[in-house]
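Chemist: Sequence:
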Amino acid sequence: MTILFEQPALIIFAFVMIGLLAGFVKGAVGFAMPMIMVSGLGTLLSPELAIATLILPTVASNLLQAFRTGIRAAYESAKKHRLYLLICLSMILVTAQLVTSLERWVLYLILGIPVTFFATLQLIGWRPSINPGNRRPVEIGVALFAGSLGGLSGTWGPPTVLYLTALDIAKRENLRVQGVIYGAGSVVLLSAHLKSGIFNAQTWSLSALMLVPAGIGLLSGMAVQSKLDQAKFRKITLIVLIVAGLNLIRRGVLG
0 MTILFEQPAL IIFAFVMIGL LAGFVKGAVG FAMPMIMVSG LGTLLSPELA
50 IATLILPTVA SNLLQAFRTG IRAAYESAKK HRLYLLICLS MILVTAQLVT
100 SLERWVLYLI LGIPVTFFAT LQLIGWRPSI NPGNRRPVEI GVALFAGSLG
150 GLSGTWGPPT VLYLTALDIA KRENLRVQGV IYGAGSVVLL SAHLKSGIFN
200 AQTWSLSALM LVPAGIGLLS GMAVQSKLDQ AKFRKITLIV LIVAGLNLIR
250 RGVLG
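Mapping the sequence shown onto numbering that gives the first Met the number 0, position 240 (from 1) lands on 239, and the numbers just tick up by one.
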């Protein structure tokens, strides 16, 4: 906990606001909490601390999303997409162990490039499609990539969203599958970083503190979800993510 309170007041204020924003967006549109946290916190803290901080809020919000429509429905979704889940979770577990051995500038690029790239794809409205005959190799390839990205950056949502969009499944089922993949992945990420040492006696309290603003933001977002212009709000969110991602890239390039 002292890690945060050793920071200037402006940093503490920014920490709280990032948590509120990430939670609000998650509650309102159902995505982007890790992307907002990792891009926002990455501009204030070290990449390792940014990843550690997002873990507990991500676990809590994703489990809520996964089980919102019931345990049975979540189980059926997990069963239907078990290959994707197995590969993605395995890669998160493996690649998370590499974070502590990477140079800081490399981590900034790993955090910034995917956020910028996938936010841009969503902003321009690119909608992929999958030939039924190629579904299995595409599923394996995307799961390998998403899991690797998740272990290194703490966010595996963007490629997962693109994959599920390409499958053209019903929106309700899409959100539930996302919740299951994110929920299971966040639990694995927690376990992986307990082993890597990133989530430790010093950083867990920082992550626990983030639960408060993120939780308040989440409940607020859920409360106003039906009143928002979803398309406009989503567009603004993506633009903010692109700007934050470009700033992380800048820090990586400049060292």
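Be a bit skeptical, because a hint or two may be false.
To be verified - Distance condition first, Cα-Cα at most 30 Å in a straight line; then the derived DSS-like pairs of lysine-lysine:
1. Lys-170 - Lys-231
2. Lys-234 - Lys-170
3. Lys-170 - Lys-78
4. Lys-226 - Lys-170
5. Lys-78 - Lys-194
6. Lys-79 - Lys-170
Honestly, the hints are just simulated from the structure, not real lab data.
Chemist: State for each hint whether it applies.
Modeler: How the hints compare with the structure:
1. Lys-170 - Lys-231: 19 Å, holds
2. Lys-234 - Lys-170: Roughly 19 Å between the alpha carbons, so the hint for Lys-234 and Lys-170 holds.
3. Lys-170 - Lys-78: 18 Å, holds
4. Lys-226 - Lys-170: Holds. Lys-226 to Lys-170 sits at ~19 Å (cutoff 30 Å).
5. Lys-78 - Lys-194: Answer holds: Lys-78 to Lys-194 is near 28 Å, not above 30 Å.
6. Lys-79 - Lys-170: This hinted pair holds, its Cα atoms lying about 16 Å apart.
Taken one by one, the earlier hints all hold for this structure without exception.
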